Amino acid sequence: MNRLSLDLGSPDRVKTPSISVRGRSRPASIQSKNLTITSRPQRRFKSARLTGEYEKPWTETPIKRRKYDYYIFWGGCLIGLIAGAFMCYEAWSGVPNNTYCLILEDDFSNINTDIWTHEIQRGGYGTGSFDWTTSDPENSFTDAEGLHIVPTLTLNSTNITLAELLDNYVLNLTTSGECTSTDPYSSCSIRSNKTTGDIINPVRSARLTTRGKKTLRYGKVEVVAKMPVGDWLWPAIWMMPQDSVYGPWPASGEIDIAESRGNSGATFPDGRDSIGSALHWAPVPAADAFWRTQGKHNIRRTDYSESFRTYGLEWSEKYLFTYIDNRLLQVFFINFQTKYDGMWDRGNFGAAIVNHSALHDPWSQTGHRNTPFDQDFYLILNVAVGGTNGYFPDGVDSKPWGDQSYTAPLQFFDAQDIWLPTWGNGTTRGMTVKSVKMWSEGACK
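According to UniProt numbering, the sequence shown holds residues 1 to 445 in order.
If you are wondering where the hints come from, they were derived from the structure by calculation, not from laboratory data. A hint or two may mislead.
[Stated by the list, open to error] In the DSS-like style, the derived pairs of lysine-lysine whose C-alpha atoms are separated by at most 30 Å in a straight line are: (1) Lys296 with Lys399; (2) Lys434 with Lys445; (3) Lys296 with Lys220; (4) Lys318 with Lys296; (5) Lys445 with Lys220; (6) Lys56 with Lys46; (7) Lys296 with Lys214; (8) Lys318 with Lys213; (9) Lys213 with Lys434; (10) Lys214 with Lys318; (11) Lys56 with Lys67; (12) Lys445 with Lys213; (13) Lys220 with Lys339; (14) Lys214 with Lys437; (15) Lys437 with Lys296; (16) Lys220 with Lys434; (17) Lys339 with Lys318; (18) Lys434 with Lys296; (19) Lys194 with Lys399; (20) Lys296 with Lys339; (21) Lys437 with Lys220; (22) Lys318 with Lys437; (23) Lys214 with Lys434; (24) Lys213 with Lys437.
None of these values were measured; they are calculated from a predicted model.
Let's have the full structure, built from the sequences with the hints guiding it.
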């Protein structure tokens, strides 16, 4: 073995090269200890591969175990394919493909009074909303895009002055013969009072329904619509019972096909980038079990005010679901044919106590598992503004009023310099409905 030793500390034997930097020199290496470099002789590579003919006994008699491995692998693959195909077929064949009859189709070339009725009142419809619904052409009208439901400021769309809005003005929709509510006191009239903080509704909007004209029990509904832009706007496509067979709300049910909020999704959770659906049902309002039967769908990088979308409902005695654009994008689904004997059992109302009293079952006598969703419902299209029922939670996105406040409408009105600039221009602050279709279950007669 040859060995070469270099003593870096001996300048007589090896000269260390230097590098000059800006007139100064330094050693090429900072190592100062002896460096020993060992040189090993290279060994010639010799292949171990066999040459010539030689025996391969393992190829003459295949191992049976290998055959079994082969059969097991490909057999398992075949079984998996067959099972997958069967499951796909079962899922496909299990999707209901009912026969339907078209009973309503409206593309809103005008507001057809044979189909639609304006509901006119100012009481908030049980949600405490701040709008006064009207039949004014400023709040509902049609054009080439379809039906527009647009909220407006009361001061801009009536002769009511600011002083009257806040004090000593009587709004009486019963006297004018306009009010459609059966409650003339809270829903048809109000007197503004500066001392108590009662004001005339600061915003006007519209609410159109098919009540008494077009109803549905089992079938399909599709509404093509574009949602509004603006803080505290509440667009809704929903249904209520025609005759409230099982009692006042929510004993007779409510079907929310699509609801949203006009607030930006960037600042408000579940704003106009979110669509919600729900069923409301309970023997009494305080026990409303909507939280058991609800769903939502959120989208990214855009929102539901940007384009027209189809909001649909499919409803039968066995199931009910809502969807966006097609049946594949379901928002909410409920199967009535489950382990529960009915909606009373599903809600566990037998164990509930409200106001120190047990609840009465209004549904089980029908023998239907889907009661109260076994009666005729009518369609509603509206844009509400604000509310005190919790749909806009307190403390979120600088909400300017409190749900428990007696002066919530006044608090909302006082903050208009903040929320009004967020409302879209022209019709974009309203919901635009391009078309409505309704089908009943079964063949046309």
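Outcome of the hint check:
Between Lys296 and Lys399, the direct Cα distance comes to roughly 22 Å. Compliance with the 30 Å bound is thereby established for this hinted pair. For the given pair, Lys434 sits about 28 Å from Lys445 by alpha-carbon distance, which is consistent with the 30 Å threshold. The suggested pairing of Lys296 with Lys220 holds, with an alpha-carbon distance near 19 Å, which does not exceed 30 Å. Restraint check for Lys318 and Lys296: satisfied, since their Cα atoms lie roughly 21 Å apart, inside the 30 Å limit.
With a C-alpha separation of about 17 Å, the suggested pair Lys445 and Lys220 falls inside the 30 Å cut-off, and the hint holds. A distance of roughly 23 Å separates the Cα atoms of Lys56 and Lys46; the hinted pair therefore holds under the 30 Å criterion. Between the alpha carbons of Lys296 and Lys214 the distance comes to roughly 27 Å, so the proposed pair stays at or under 30 Å and holds. Simply put, Lys318 and Lys213 have alpha-carbon atoms about 26 Å apart, close enough for the 30 Å limit, and the pair holds.
At roughly 20 Å between alpha-carbon atoms, Lys213 and Lys434 fall within 30 Å of each other, so this suggested pair holds. For the given pair, Lys214 sits about 23 Å from Lys318 by alpha-carbon distance, which is consistent with the 30 Å threshold. At most 30 Å may separate the alpha-carbon atoms for a hinted pair to count; Lys56 and Lys67 meet this at roughly 19 Å. Our distance criterion of 30 Å between C-alpha atoms is met by Lys445 and Lys213, whose separation comes to about 19 Å.
Restraint check for Lys220 and Lys339: satisfied, since their Cα atoms lie roughly 26 Å apart, inside the 30 Å limit. Proximity of Lys214 to Lys437 is assessed by CA-CA distance (about 11 Å); at most 30 Å being required, the pair is judged to hold. A hinted pair counts as satisfied when its Cα atoms are at most 30 Å apart, and Lys437 with Lys296 qualifies at roughly 22 Å. The hinted pair formed by Lys220 and Lys434 meets the criterion: a straight-line CA distance of about 17 Å does not exceed 30 Å.
Simply put, Lys339 and Lys318 have alpha-carbon atoms about 13 Å apart, close enough for the 30 Å limit, and the pair holds. A hinted pair counts as satisfied when its Cα atoms are at most 30 Å apart, and Lys434 with Lys296 qualifies at roughly 22 Å. Restraint check for Lys194 and Lys399: the C-alpha separation of about 23 Å stays at or below 30 Å, so the hint holds. Restraint check for Lys296 and Lys339: satisfied, since their Cα atoms lie roughly 24 Å apart, inside the 30 Å limit.
Our distance criterion of 30 Å between C-alpha atoms is met by Lys437 and Lys220, whose separation comes to about 8 Å. For the hint linking Lys318 to Lys437, the alpha-carbon distance of about 22 Å falls within 30 Å, and the restraint holds. Simply put, Lys214 and Lys434 have alpha-carbon atoms about 18 Å apart, close enough for the 30 Å limit, and the pair holds. Proposed proximity of Lys213 and Lys437 is supported: the alpha carbons are some 14 Å apart, at most 30 Å.
Consistency note: the structure conflicts with none of the earlier hints.
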